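Starting from the given sequences, assemble the full structure and let the hints guide the process.
Here the sequence shown is numbered in the working numbering, starting from 116 and rising by one per residue.
Keep in mind that the hints were calculated from the coordinates and are not lab data.
The structure displayed is predicted, hence computed values, not measured ones.
For each label pair, taking beta carbons as the anchor points, the in silico distance ranges come out as: (1) Asp147 <-> Thr167: 21 to 27 Å; (2) Ser237 <-> Gly215: 32 to 38 Å; (3) Ala213 <-> Gly182: 24 to 30 Å; (4) Glu203 <-> Phe240: 53 to 59 Å; (5) Asn120 <-> Gln158: 20 to 26 Å; (6) Phe238 <-> Lys173: 51 to 57 Å; (7) Glu225 <-> Asp175: 34 to 40 Å.
Yeah, the Cβ is synthetic: ideal placement off N, Cα and C, and Gly gets one too.
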Amino acid sequence: MEVINTSGRRKTSVARIYLTPGQGNITINGRDIKNYFPSEVLQTIVNQPLKTLDSIGKYDIKANIKGGGVSGQAEALRLAISKALVEENGENKPALKAEGFMKRDPRMVERKKFGKRKARRSFQFSKR
116 MEVINTSGRR KTSVARIYLT PGQGNITING RDIKNYFPSE VLQTIVNQPL KTLDSIGKYD
176 IKANIKGGGV SGQAEALRLA ISKALVEENG ENKPALKAEG FMKRDPRMVE RKKFGKRKAR
236 RSFQFSKR
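If you want it as structure tokens, here you go:
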């Protein structure tokens, strides 16, 4: 197997990954996953596709992530890893699809409208 290159997106985050066979090292923007995502919850989100297929420790992942916040970045990385695992072996797709890892989450922040305080919230109304 050669290097597999895929990308994943969530909110405004874009994750590009390079998947190779290895010892299970995950490097994000030149830093280890434990330094980049100190929260145990975010590390779990990133490792979900590998755990579903019992592949933890079989692949090295090098990722470049831009944009968004930490949760959006973690979910973008999860989608990219899922796509790479399916590209490596097509038989993995049903298991990942059943968990919902193969679908891009389209929800984005609604834009602010003029004459409003936020997207939908109006200014406080004063009767007098």
